[in-house]
Each structure stands twice: as C-alpha cells, then as structure tokens.
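Enquirer: Please build the complete structure, drawing on both the sequences and the hints.
As you go down the protein sequences, you meet chains A and B in turn. Under the working numbering, the residue at position 37 of the first sequence is numbered 37, and the numbers go up by one with no gaps. Under the working numbering, the residue at position 70 of the second sequence is numbered 70, and the numbers go up by one with no gaps.
Bear in mind the hints are in silico, worked out from the structure with no lab data behind them. Honestly, I wouldn't trust all of these hints.
[Stated by the list, open to error] Only pairs whose alpha carbons sit at most 20 Å apart, straight line, appear in this in silico EDC-like list of lysine to aspartate or glutamate:
1) A:LYS104 / B:GLU22
2) B:LYS91 / A:GLU121
3) A:LYS238 / B:GLU177
4) A:LYS105 / B:ASP25
5) B:LYS91 / A:GLU180
6) A:LYS188 / B:GLU22
7) A:LYS238 / A:GLU180
8) A:LYS107 / B:ASP134
9) A:LYS107 / B:GLU22
10) A:LYS238 / B:ASP25
11) A:LYS107 / B:ASP178
12) A:LYS188 / B:ASP25
13) A:LYS104 / B:GLU124
14) A:LYS188 / B:GLU177
15) B:LYS16 / A:GLU187
16) A:LYS107 / B:GLU124
17) B:LYS174 / B:GLU63
18) A:LYS105 / B:GLU177
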Amino acid sequence: MSEYQVKFEVFEGPLDLLLYLIKKEEVDIYSVNLTKLASQFIEYIEMMREFDLEIAGEFLVMASTLMYIKSRELLPVEQQAQVEDEEAGEDPRWELIRQLVEYKKFKDAAAQLQTLEARQEGVFPRLPIKPQFEEDKATKQDISVFDLLNAVNAVLKRFEKRDNPREIFEDKWTVSEKIEMIVRVMEKGVVVRFSELFEDAMSRSEVVCTFLALLELIRLKQLVCGQSSDFGEIEIRKRDAVVPMSATPEPPANPTEPVAPAPAENPTS
Amino acid sequence: MELKFILESLLFSAQKPLSPSELRDIFATAAAAEDADTTVKGLKKTKEADIIAALEELAKEHEAAARSYRLVCVAGSWQFVTQPEFAPWLKALVGVKARPSRLSQPALETLAIIAYRQPMTRAEIEQIRGVSVDGTMQTLLERGLVEQSGRAEVIGRPALYTTTTAFLEYLGLKSLEDLPAADELRRIPIEKPEAPLTADPGLATSAPPELKLEEAGEKPAEAAKT
Numbered sequence: 001m002s003e004y005q006v007k008f009e010v011f012e013g014p015l016d017l018l019l020y021l022i023k024k025e026e027v028d029i030y031s032v033n034l035t036k037l038a039s040q041f042i043e044y045i046e047m048m049r050e051f052d053l054e055i056a057g058e059f060l061v062m063a064s065t066l067m068y069i070k071s072r073e074l075l076p077v078e079q080q081a082q083v084e085d086e087e088a089g090e091d092p093r094w095e096l097i098r099q100l101v102e103y104k105k106f107k108d109a110a111a112q113l114q115t116l117e118a119r120q121e122g123v124f125p126r127l128p129i130k131p132q133f134e135e136d137k138a139t140k141q142d143i144s145v146f147d148l149l150n151a152v153n154a155v156l157k158r159f160e161k162r163d164n165p166r167e168i169f170e171d172k173w174t175v176s177e178k179i180e181m182i183v184r185v186m187e188k189g190v191v192v193r194f195s196e197l198f199e200d201a202m203s204r205s206e207v208v209c210t211f212l213a214l215l216e217l218i219r220l221k222q223l224v225c226g227q228s229s230d231f232g233e234i235e236i237r238k239r240d241a242v243v244p245m246s247a248t249p250e251p252p253a254n255p256t257e258p259v260a261p262a263p264a265e266n267p268t269s
Numbered sequence: 001m002e003l004k005f006i007l008e009s010l011l012f013s014a015q016k017p018l019s020p021s022e023l024r025d026i027f028a029t030a031a032a033a034e035d036a037d038t039t040v041k042g043l044k045k046t047k048e049a050d051i052i053a054a055l056e057e058l059a060k061e062h063e064a065a066a067r068s069y070r071l072v073c074v075a076g077s078w079q080f081v082t083q084p085e086f087a088p089w090l091k092a093l094v095g096v097k098a099r100p101s102r103l104s105q106p107a108l109e110t111l112a113i114i115a116y117r118q119p120m121t122r123a124e125i126e127q128i129r130g131v132s133v134d135g136t137m138q139t140l141l142e143r144g145l146v147e148q149s150g151r152a153e154v155i156g157r158p159a160l161y162t163t164t165t166a167f168l169e170y171l172g173l174k175s176l177e178d179l180p181a182a183d184e185l186r187r188i189p190i191e192k193p194e195a196p197l198t199a200d201p202g203l204a205t206s207a208p209p210e211l212k213l214e215e216a217g218e219k220p221a222e223a224a225k226t
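Expert: What follows is the structure in structure tokens.
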C-alpha cells in the first residue's frame, strides 16, 4: 500500500469520504462495489485514528452500516437473515446508494453556487448619488414641531364629536407597535403624506400613539418631514435609502449609523 | 415615448434596484403632478405585466448590444450592473467591495440543500449531508441567507428554514427558479405517480435493477463477485 503518498483531505462527513473513495475508483455510484468500499472506508478510519484525529460519531455510524452490508454479502442469499418487512426500498445497500446520489447532487449544486458567488463578486451596480436639488427645492425642509402639532390637531378633530360619555377601553396601541407600522408604510412608498399615516386610526389614543411614534422616528433621524408648498400637506420621507431600524424606541447614543456611505450629504445638515 | 426607454432612464438614475411595483408607483406619481402632459397622464395606469415585459425586452437589447454593463433582475428588482470581466478596474475604482468572506464548502452545501428543497427542517438537511449542520446553519442565519419560516407539523414541531431575498442578492439570482439545474434538484412534483422506476435515471427514487431483491435467490451479480 502506498501509505506514504496519502494526501490527507478533510472530509465533511462520512458521505463525503465515501464519494471521494468512489471517485478514486472511477466508477459510477450505482455500480460501486460496496464491500470493497466498506473495507476502504474502515481503512481510512483506521488511518484517522493513527493520526490521532478525532473521529466524529457519524463516521462510526457509517462504518457500522458498511460492516452490516459487508457481512450480509458474505452469506449466501438463502441464509441471509430477512429483516422484518424488508422491501426493495429498505435494502441497506440501496438506501446508502440513494443517500450518496442525493448528496452528490447537492455537492455539485454547491459547486455551482460557489461559481455564482465568485461571479457576483465581480459585479458592480450603478449607484448614482441622489440629485441635490430634488429635496432642496421641492420641499421646504424646516417644518417645526408646531406645524406637526397643527397637523395632528386637524386629524384629532375627526374624533371630537364622539367624545360623549362612553365606556373606556384599555389602550390597544403602543408606540413601538406604531413605529413598526410607520416603518412598514415607509418601506412601500418614497414619500408618505402626513394624513395617510392616520387614515386607519380608530380612536384618539391611536392617533396620539401614531403621532408619538412619528416624533420618535424623526428624533432618531430616521424620517424627515417637509412641505412642498406653503400650508400644504406635510410629507414624510425616509432620511436614507437604507436604514437598519430596530423597533424599540430606546434612544441609542448614536442613532444614525447608515451602512451606506456619505451620510453627510443629507440636505438638512 | 416608448415605455422601455422611460424605464431605462428611471433605472439609470435610481439609487437602488427597483421592483416592477415600485416602477408602477412612479408612473402614478408622475401622472399626478400638476404639469403632467397627456403622455405622462396616459401612462398613469401602466400595468406591472407591461413593465416586466418592457424590462425584459430592454435587458435583451442591452445584451445584444454587448455593452460593458447590463440590466439585471435580482430578487425581483431591476438594476444596471457591470459585466464581471471589468471587475479588476472597478475594484481599483471603488476599493475592495465591502463584501463578507466567501462561504465555506459545508456552508455552501447546506445552503444548496435549503435553496433547492425549501422549506427544510434541520433534521432533513442533516439526513442529506450525513453530518450535523449546527455550525453552518448558525453562519447562514447570521449572514441572513436563510431564515426560519415556520414550523413543520410533525412531532416536536421543528423549525423550517427557507432562503431569503439576501440569498438571491448574494448570488445575483432573479428568483429561485433561476437556480442552476433547478428542475432537476427540486423536489419531484407531487403529480408524478409513485412509479417503481422513475423516468429520470439520475433521480434516486427507485433501486437500480441490480439492487432489487424482490425475487429471493436472484442475487445481484455485483455482490456475487466478492
């Protein structure tokens, strides 16, 4: 045996090792001699032990399966123990080969994914910088908190009439839920009108929650507000195209850490 | 004005890949502008299907023109990207791309299994690979390439895993249909009968003839050699 020429490869698992042994034999998986394969596999495990490598349990399970197959082969068919309700599909040899074929396919597929991965590394997207004039001219940027309060008061007028004595319900809404809601809405559109956020609101408390959530997002520098014309509707837009957003309103020390480069080019600063 | 050229101009100056529905919204927004003329207004209700068809035509035209860049659809969104062969210069231009390290062999195998057979439980993946996948699953989950999508309705209700949009983006795939050899590796469609022999010999659904044991005494020639 050419023991000294062994190129030791690290195998992912017993199936990987078996495929390697089959490849070395240059035979098709379907026509492989399993008894020979069993001997080679066990030789390999022996070698791993000599090298003081830790042998994973999966290798030992596979070794025992192979030994079982090999031992069955030694007996003439009529003396072979019939395993209870053994059918063609339950033949341990067939089971092993099926597993090998399946694993081989995915191993090949993995190689193809690797090719795609490498190809994609060389692909560069076109990422133009947002034209500056767009936001500067189209929208008046300095909306004060009073403008926002006026706007929310207008929304709250909707509920004024219903303030008759009635049952008091517990508040179903939390600010953090509303933050999530707003983030979802903002994902859909580039610009959202102020009133759109309150369209579905059922009660005063819901409007207040949504409004607090909006203020929180503005404070966290996730959103900016603007007006395209004097006394026009307030428009809300995202501050950055990609902002990783946590739903918790806890104010982090440094809330804006956009992954995208050049946060300085924001029009408000 | 042709729809495809409007789309081309939009994607040319878009700061991120745009999906057909986002493009459709742009048509509606443009038509809502005060100074919109009849052409712009006429395209107000452009259908997504028309947009997709125009984008595909545009992509073909770009391909035929063999330019240094092409129009691609990744994970359902369209964008212009450069051809891979220009990478050396682009790397010099933008510096090394902030890209995570390449995936290891075990991670790629696990990812391939999930990609083609999703949704999958951890145990099913381990069955195919023959080894534990705890470590590689952790890597894939951390990198956002796979995610938990629910639970299997079997004993123990194990978590099911699927690939994410980030996975498609990472490999530059349009959709899961775009995976190499997708039809071959995907699970066999349900409508196929449980025939003893499959039409495709590559698919391991039944034993090859030399392994059949139904007729006792008909020992396979293969095994008799030993």
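Enquirer: Hints first: check each against the structure and report whether it holds.
Expert: How the hints compare with the structure:
1. A:LYS104 / B:GLU22: Measuring from Cα to Cα gives roughly 41 Å; hence the hint is violated.
2. B:LYS91 / A:GLU121: Given pair B:LYS91, A:GLU121 holds - Cα atoms ~10 Å apart, limit 20 Å.
3. A:LYS238 / B:GLU177: violated (33 Å)
4. A:LYS105 / B:ASP25: This hinted pair is violated, its Cα atoms lying about 42 Å apart.
5. B:LYS91 / A:GLU180: Not OK: B:LYS91 and A:GLU180 at ~37 Å, beyond 20 Å, violated.
6. A:LYS188 / B:GLU22: holds (8 Å)
7. A:LYS238 / A:GLU180: holds (14 Å)
8. A:LYS107 / B:ASP134: Between A:LYS107 and B:ASP134 the Cα gap is close to 18 Å, so the pair holds against 20 Å.
9. A:LYS107 / B:GLU22: Cα-Cα ~38 Å, so violated.
10. A:LYS238 / B:ASP25: Within the cut-off at roughly 17 Å; holds.
11. A:LYS107 / B:ASP178: holds (18 Å)
12. A:LYS188 / B:ASP25: OK: A:LYS188 and B:ASP25 at ~10 Å, within 20 Å.
13. A:LYS104 / B:GLU124: Answer holds: A:LYS104 to B:GLU124 is near 16 Å, not above 20 Å.
14. A:LYS188 / B:GLU177: Given that 20 Å is the threshold and the Cα spacing comes to 25 Å, the pair is violated.
15. B:LYS16 / A:GLU187: Holds. B:LYS16 to A:GLU187 sits at ~13 Å (cutoff 20 Å).
16. A:LYS107 / B:GLU124: holds (16 Å)
17. B:LYS174 / B:GLU63: Holds, because 16 Å separates the two Cα atoms, which is no more than 20 Å.
18. A:LYS105 / B:GLU177: Since the Cα atoms of A:LYS105 and B:GLU177 sit roughly 17 Å apart, the hinted pair holds (cutoff 20 Å).
When each numbered hint is compared with the structure, violations occur for hints 1, 3, 4, 5, 9, 14.
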